[in-house]
Amino acid sequence: MAHAVPVVSDIAFSDLLADPYPIYKRLRDLASAVYLDAARLTLVTRFDDIMTIERDSETFASSNPGSLVNKVMGHTMMRKDGEAHAMERRAIEVSFRPGTIKSHWAAQFEAISDRLISDIESQGEADLFDALAAPMASLALIELLGLKDVSWQTLARWSQALMDGAGNYSGDPEISTRATDAAAGVDAAIDAVLAWHRQNPNPAVLSSMVNAENPMNPEQIRANIKVIIGGGLNEPRDSILSLTLGLLSNPSQLAEVMASRDLWPLAFEEAVRWISPIGMYPRRVTRDAELSGVQLRAGDQIGLCVGAANRDDRRFENPDSFDLLRPKQPHLAFGAGPHFCAGAWVARQMVGRIVVPMLFSRLKNLRLRPDEPARIHGWVFRGPVSLPVAWDV
Amino acid sequence: MPTITFITAGGKEHAVTAEIGRSVMEIALEKSIPGVVAECNGSAACATCHCYFDPAYSEAIGPIGEHESDMLDFTASPRRPESRLSCQVRVTDTLDGMTVCIPAMQ
Ligand code: FES
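Chains F and P, in that order, are what the protein sequence lines are.
Sequential numbering of the first sequence, starting at 0, is according to numbering that gives the first Met the number 0.
Sequential numbering of the second sequence, starting at 0, is according to numbering that gives the first Met the number 0.
Think of the hints as simulated: they come from the structure by calculation, not from any bench.
Misleading hints may appear alongside valid ones.
Each computed BS3-like pair below joins lysine-lysine, with the alpha-carbon atoms no more than 27 Å apart [as the list claims (entries may be wrong)]:
| id | chain 1 | residue 1 | chain 2 | residue 2 |
| --- | --- | --- | --- | --- |
| 1 | P | K30 | F | K363 |
| 2 | F | K327 | F | K101 |
| 3 | F | K101 | F | K147 |
| 4 | F | K327 | F | K24 |
| 5 | P | K11 | F | K101 |
| 6 | P | K11 | P | K30 |
Because the structure is a prediction, the values reported are computed rather than measured.
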């Protein structure tokens, strides 16, 4: 008979933020689903269990009537299931197609990356978070969405405010106010360009939304643009930094990838497996179900820890090390199932084919600074928050 | 029900009966055929359900959609004329006897 969800209550929230991986290992070895007091959530941490869940969206739904995401952003496709989700997703698909990326976005991403690297080239040292990764991700997203007259700093601020609002479980009024202000800012920025996109069909997301076969209504546009802003900025930013950090910490692998350009895609996939930018996302249990011997109940909220699954030693050998030459097999950094990351191919191209290769080819003898080590933080969203580097000028 | 034979990259054959109306990807997962990953569960977004389909059946399968063709340019194993995303191919009576080869990498 299946047993109840075990509870772990001796872990401090700060430990989870600082380094979730030893905690994940403990949870994986304990049971398929464990209630972690510090997170106030039942967490699923094994690779196979998450795969099982993501193949059954009737039992494990994304929709969640009471979710904070809905409150802050409106009814986004991220919190819908079945045909309602599929229809909205199809409307934006064309902007994210690999072919569109190659023929249209790649050149724009290259121009942005070139400009940012040229700006710092003569300096000899920088923190790549502020100098490259954050502006790169933000400027690329502005283009991709089709916004105009928005600075990268403004978009980055909106993104953070929306995500903080969506995670504001304690109901902090200051965080809610900032999220509401950001939401209003996004709405105004959409209103400023929507008519133009309607009249000038182009590959940008806003254009796809209004010109699709089943166009989105204004409420859907506003909600979905917010969810893309909230969820589409950190991930490329953090994966630029994780990939750079992984290579700088492993000189022999860096030498391999510099010698053979074809290895860049593998290096990118390994970076997002190693430090998955989205470490956890929620699902709602709709009916009593057994998960590998643990009894889940209808109404349970569960967190799928893909950051843990991607280091599951049942699946990956030496899961904690960065090894781009490890046997290729799927990871869960982009999720799985119908909500598989719509931006996966954008990230692959931008981060793995353009920005990081350009960084290493332009900045000679790029290296970590022993006096100022990189700092990595977070669990729901995880990535380097500081990556100080030096190079020869 | 039509019979479909999957051939893995290692050459092992798995003949299965396939329910009409399901996608070939779903059949492969249901019968635990190794090598079909299907990360996006049929949303035509991941290209990890790539297979090589028997060319004799190309008419019965139907034409490749624009989006599907786009994704096929980014498969881990080389694209060939008989490449399809197995999640976009529906089982019908006319596919009886078809073989589907699974590539070495997804
Ligand atoms: S299952 Fe993802 S493209 Fe077919």
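Open item on the list: Name the hints, by number, that the structure is in violation of.
Closed with: 1 and 5
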